[in-house]
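Build the full structure now, drawing on both the sequences and the hints.
Protein chains: 2
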Amino acid sequence: MAFHRLDENDMRALESIVSPERISAGESNLHLHSMDQTHHKGYLPEAVLWPGSTDEVSAILRLANQRRIPVTPWGAGTSLEGNCCPVAGGIVLDFQEMSRILAIRAEDFQVDVEPGVTYKDMNRTLARSGLFFPPDPGANATIGGMIANNASGIRTIKYGATRDNVLRLTAVLADGRIIRAGSRSPKSSSGYDLARLIIGSEGTLAVVTEATLRLRGIPEGFSAAVATFDSVRRAAEAVYGIMAYGLTPSALEILDDRALRYINREREDPLPEKTTLLIEFTGNNEAGLAEDLGRAREVCEENGCESFRQGVGRDERNRLWETRHRFGECFIRSHPGLDVLIMDAAVPLSRFPDLVERAVDIADEHGLESCVSAHAGDGNLHLNVAGDMSDPAFFHSLTRAYDEIVTFAVSLGGTATGEHGIGIGKRKFMQLEHGEGMEVMRGIKRHLDPNGILNPGKVLPEEVEGSGDIP
Amino acid sequence: MAFHRLDENDMRALESIVSPERISAGESNLHLHSMDQTHHKGYLPEAVLWPGSTDEVSAILRLANQRRIPVTPWGAGTSLEGNCCPVAGGIVLDFQEMSRILAIRAEDFQVDVEPGVTYKDMNRTLARSGLFFPPDPGANATIGGMIANNASGIRTIKYGATRDNVLRLTAVLADGRIIRAGSRSPKSSSGYDLARLIIGSEGTLAVVTEATLRLRGIPEGFSAAVATFDSVRRAAEAVYGIMAYGLTPSALEILDDRALRYINREREDPLPEKTTLLIEFTGNNEAGLAEDLGRAREVCEENGCESFRQGVGRDERNRLWETRHRFGECFIRSHPGLDVLIMDAAVPLSRFPDLVERAVDIADEHGLESCVSAHAGDGNLHLNVAGDMSDPAFFHSLTRAYDEIVTFAVSLGGTATGEHGIGIGKRKFMQLEHGEGMEVMRGIKRHLDPNGILNPGKVLPEEVEGSGDIP
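Chains Y and W are the protein sequences, given in the same order.
Just so we're aligned: the first sequence equals residues 1 to 471 in this note's numbering.
Just so we're aligned: the second sequence equals residues 1 to 471 in this note's numbering.
One thing to keep in mind: the hints can contain errors.
Only part of the chain W face toward chain Y is listed, based on derived beta-carbon distances under 7 Å [stated by the list, open to error]:
hint : residue
1    : K187
2    : L194
3    : R214
4    : G217
5    : T323
6    : G379
7    : G413
8    : T417
9    : G421
10   : V440
11   : M441
12   : G443
Since the hints were derived computationally from the structure, they do not count as laboratory data.
Quick caveat: nothing in here was measured; it's all calculated off a predicted structure.
Glycine residues also receive a C-beta, built at the ideal position from the N, C-alpha and C atoms.
Written as C-alpha cells, this is what we have:
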C-alpha cells in the first residue's frame, strides 16, 4: 500500500473535524504513541487525534480513506505484540476522550461504554451495582483494546474471553460508514455475526466507538487453594483432572519452580520452589465452595501433589493468591535494565504438559533464562524471558526460540496466540495456522478496507514499508 | 441472480464426482427435500446428492460455481424458517452419508464429527464417555443444521448457543476451496474469527463438512422445581430475580396458562392452569443443588408464586419437567389437520415481560389462538399458533401479527430471531434490525460467493426467482 503523508491541507481538514486541542503533532505526543508494552521497536505517527464522538471518528476515517492516510486506534498502549504501533505512520486515534460509561443496565446485566474506559475503572463503578465484566487481562487495558485483541486472562476459564462477553458494537468502517453489530438480546440467530468478526481483528477491519458488554453478578463467596507438585506435567495433569471432574473453577493458574525462585527473592518467608497450581472457586453457596475445594484436593492428591493449602473467604483467597499477583513485578524487578518478553501460545488441554515441557527445553537450548506463568485451565502458556533486545545475539536466540515454540504449539493443534493477538510479531505464523483461511481473511480485509488504511501492518502478513523483520 | 438449470451434461459431470446411487432426480427424493418443518411452501430441487467426503463437496461446489447451479445444504430438514428449502431449485446436498463421529477426544472435552450426525445420536455415543454437547434445540437436528442456524434451546442459559460451543470447522467455499477455521485450542486471539462468521450463516457463506465441538461432563446431580404464577409478568420477574441472585440454572422455561390448558386435555390429573415457571439446576454437588433450589424458591415467593413444587434427582426432575416435554406434541394433537407455527423473537431480559404481554395481545387482536412456551432465562419468546395456512384470511392475520411482534421485539433492543434463524421468513426484518450492517453482510456474501450459488434466497433480502412474498 502506498500511503499519503500528512500535509498541511490534511491537518487543516482534521482541525475542521476535531477541536485544535485534540490534535497534536508534538514530538512528545508522537513518542507516547509510538510503541506498546512490547519488545517491538517503535514507529512514530504523524499526528495524534483524540476524537470525542462516533461522528468525529466517522469524519476522520472518511477523510483518511479519501487521502490514503493510515489510521491506528489506540487504547492504553498495554498490548504485547505491537498491536497498536503505527508502523506506517499516519494518524493515531487515542480514545482517552471517549471513556464514558454511557448506561449501566443492571436489569439486563449489561453496560454501554465508550472504548476508552479502562476495565479496572469500569469494574470499580460497576461494583456499586454488584456487577462486573469478567475478562481480566491483568494490565489496565481499555475496553476498546480488549475488544481489538479479544483479550482474556485468569477468569476466562469460567467466564470466557472478551469475544464471549460483548453483545453489541458500534463501529466505524474505513470509509466512515457507521454500523451497529450484534444485539442487546442475550441470544440471536439473525444474520452474520459481524460483532465477533470485528472483535479480535485488532482495529484492522473497523474502529469500535461503543460497546454493550455482558456483565455478571459479583460472587459473594470465594475459596482458593495452592498446591505444589514436583513437575509441571503433574500439575498440568491435576488441572485436567479438575476439569474432567466437572468442577468449574474461576481460575486455574500454574507458576513453575523457576517462577517461585523469582518470587522468593522478595519474600522473608520463602515458599517451596516447586511448580505451584493456584485454584479458585467463586459462588454464592458456602457449602458448595467447600465441597468443590475438597474435590480439587482429592484430584491434586491423586496426581501426587506435595502440599495443599486452602482457605475460604475473600481474605484467605487474596493471601493465597498473593504469589500470583506479585509474580509479574518480581520478574521485572529481578532483571533491572533488561527487556521482558511474555511469550504466548495455547493448545488443547491434553497437550498442555507437552507444550510446557518442550517450551522450557527450547528456551534452555537457546540459552534463555525463562519461567512459566500459565492460564493452565485454558491450555494457555506464558513463558517469561528477560534480556537485552538491542543485543543481536540475544535477539536472534529469542526469535528462534519463540518461532520453535509457536510452531510446536500449532503442530499440537494449538494457536500462535491465546490472548495477546497477532499484532506485528505473529503475522509470520498466520499461513502456518490458518492456511487457505488466511486468504479468506485477506479478502474480507480488502472488502472492508480496500485502501488498507486501518492499522496497517498488523494481523495479515503484508509487505508494509517500515514493518521490518521483527519476531 | 440468473441460475443455470441442471442439464444432462451437469448430471454426467456430477456422476463423475459421486457414485450414481448417491445422486437422485427421482420425484419422491425431490419432494422429500423441498421443505422443512415450516409454514413456508415447498420448492423442488432438481437433484439431490449425498456426498461422502469434504473432497466430494469441494468438487461439487467447484462445478456448481462454474455452471451457476444453486446448492442448498440439507441436514434433517427440521428448521422452522424455510432455512433449507431450495427456493431456486438446483442441487440439494444431503449430509446423511457424512454422519460419522470421527474422534472422541475426551481428554480435551472435544469431539470431531461430520455434519450429518444428529445431536441426539451423537450425545448417546458421547454419554459412554460421560460427556455431552449442551445445545439442545428439541428437534433431532443434525450438527450441520445446528451450526448453520446457530441453534440453541433450553440449556443455552447455562451453556450458550451452538456458536459458543464449536471450536473448529472444515468448510468448503463456493468456489470449492477448503478452509479450516478456528482452533482446537480452547482460546485463541489469532486472526479473524471465520468459524463464528460461518456459524449462523445458514449455508450461505460456506458448506461445513467437519466440526470440532466443545463438550462438557454430564452432571451427576439434578434438581428441579415448578412454580405457578397468576401472570406471565410475575413469572418473568421471578426469572429476572433468579438470574440477578447470581444463580446459574441449567434451564428456566415459561409456559403460560393457555399452554397448560392444552397439556391438561391429555392428563387425568389436571395441573393448575396458571403460568408455569420450570427451573432446573445441574451439578455434582448435592448440597449445592438443594441450596440453589432453596434460593430459587425464595425468589419465586417474593414474586408472588402461588405454588412451588420441587425435587432433587434425575427422576424427580423428569417427573416435574414432563409438562414441558409434552407440550409441543399436545399442542399439535390439539389442532388436528392444522398447521402449527412457532414464532421466535428475543429481547434483553428486562423487556421480556413487555414482549410476552404485547405478543399475546397482538395475537388476540388478530384473532389468533396462541400460547407461550419461552426460554425465559434468555429473553427468548416462542408464541405457538395453529391454523390453516392455505386459508388466505388466516395467513394474512398471521403474517400481520408476526410482523408486529417482531417489529416490537426489535424496538425493545431485541432480535428478529433468537434461535430459528432468518431463513426465508425473517429476511424482511434484516434492514430494520441491522441497518447499514446488512450492507456489510451483503458485501461479505458477495466476496465469498460472487455467483450467489450457496443457499440462495436466504438470510439477505435479495430478489430471487420463486422466493415470493412469504412471511
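How the hints compare with the structure:
With its C-beta approaching chain Y no nearer than about 5 Å, K187 (chain W) sits inside the 7 Å limit, and its interface hint holds. For L194 (chain W), the suggested interface contact is upheld, since its CB lies about 6 Å from the closest CB of chain Y, less than 7 Å. Against a cut-off of 7 Å between C-beta atoms, the interface hint on R214 (chain W) is violated, since the closest Cβ of chain Y lies about 11 Å away. Checking G217 (chain W) against chain Y by beta carbon gives a least distance of about 4 Å; that is within 7 Å, so the hint holds.
A distance limit of 7 Å between C-beta atoms decides the matter here; for T323 (chain W) the minimum to chain Y is near 23 Å, and the interface restraint is violated. The interface hint given for G379 (chain W) is met, as the beta carbon of that residue sits about 6 Å from the closest beta carbon of chain Y, less than 7 Å. Restraint check, G413 (chain W) versus chain Y: the minimum CB separation of about 4 Å is within 7 Å; hint holds. Against a cut-off of 7 Å between C-beta atoms, the interface hint on T417 (chain W) holds, since the closest Cβ of chain Y lies about 5 Å away.
Against a cut-off of 7 Å between C-beta atoms, the interface hint on G421 (chain W) holds, since the closest Cβ of chain Y lies about 5 Å away. For V440 (chain W), the suggested interface contact is upheld, since its CB lies about 6 Å from the closest CB of chain Y, less than 7 Å. At its closest, the beta carbon of M441 (chain W) sits 5 Å from a beta carbon of chain Y; the interface hint therefore holds under the 7 Å criterion. With 7 Å as the threshold, the beta carbon of G443 (chain W) comes within range of chain Y, its nearest partner Cβ sitting at about 5 Å, so the hint holds.
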